[in-house]
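K.L.:
This is what each chain is made of:
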Amino acid sequence: MTNKESAVLDLIYQTLTTLNEERSADEKIEVGPDTCLFGERSVLDSLSLVSVIVDLETLVADKFGNAISLTDDKAMSRDPVPFVDVGTLKAYILEQLG
Amino acid sequence: MTNLTLCGEFINLRPLTPEDAAMTLRWRQSARAANLNQGATSVEQQAAWIASRPASEYNFIICIKSGQPVGMVSLAGIDQTHRHGEPGRFLIGEEDAVRGVPVAVEAMKLVYELAFDQLKLLRVFGTIASGNTLMIKWQRFLGMREEGRLRRHYFINGHFQDAVLLGMLEEEYRHHALPRMNSLIAAGRKSGKADGNTLDGMRSQNDE
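Read top to bottom, the protein sequences are chains A and B. Heads up, the first sequence is in numbering that gives the first Met the number 0, so the first residue is 0 and it goes up one at a time. Heads up, the second sequence is in numbering that gives the first Met the number 0, so the first residue is 0 and it goes up one at a time.
Derived by calculation from the structure, the hints in this document are not laboratory data. Heads up, a few of these hints could be off.
As a list, the in silico DSS-like pairs of lysine-lysine whose alpha-carbon atoms are at most 30 Å apart [said to hold, decoys possible]:
no. : chain 1 : residue 1 : chain 2 : residue 2
1   : A       : K89       : B       : K64
2   : B       : K64       : B       : K189
3   : A       : K62       : A       : K73
4   : A       : K3        : B       : K136
5   : B       : K189      : A       : K27
Hey, can you work out the whole structure from these sequences and the hints?
P.N.:
Next comes the structure, spelled out in structure tokens:
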């Protein structure tokens, strides 16, 4: 894993850790490379998903100086959408960062 | 209370009735509703509260297409002179039933369509307790803007919290919120099965 890949993965984990801090004790999610964020198997409800997206866009901009959108037309036209799970999210962010 | 049903792709909004008192009280007393204002403490109180809703309010039960009630949402504070209204009382009570269905976003979309398209309002607004960070981020993401703060306005969860005042104008709804909601619904549709019953998992809550 490259340094950039590792950094992006850390940011995703950071947003999920922040989310856990905002949720009650019985709502904590397991944070890992296979964590499913969207769709039938998702561990997140819509509020939590949006929280992750918003926080992650901010963190990526702060870390890399590049503003990315995870929900613009480009992102939403992907199939699957970028935020299905941690892996697809990481891949999409890396692609956007170039 | 107005007798209006709104139909969406994945959900319907039907009128809240006193017969919903026990169910909605259970939702209100769940851990997920911890960030809401204190409500009724008995089924009788809840039924009385529902029965006392003025005719000017729209109070809905959110039902998935099977007919199962899964949550509630309202449009209150409608002022046709100043052409504004206050969406709120937003709570998904049956999280397991809505997992995979874009319930929250479509419920908001139907309420906004009622506000801006049918009632011709020019602005919607509401307050959220400052500790309800997930709901604040959610509403901002959907197009609400922070317009102010009422300091130490709520006593919720054992401490005083600011009320964050959020608002959205009609043009912001059309240019920002509506496309974003449509995108989320489309994403949910894409991730679901052909029967349309297994889309994005959504649950939310909002201050009254």
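K.L.:
Decide, hint by hint, whether the structure agrees.
P.N.:
Hint by hint, here is what the structure shows:
1. A:K89 - B:K64: 34 Å, violated
2. B:K64 - B:K189: Measuring from Cα to Cα gives roughly 18 Å; hence the hint holds.
3. A:K62 - A:K73: Measuring from Cα to Cα gives roughly 22 Å; hence the hint holds.
4. A:K3 - B:K136: Holds, at about 27 Å.
5. B:K189 - A:K27: 27 Å, holds
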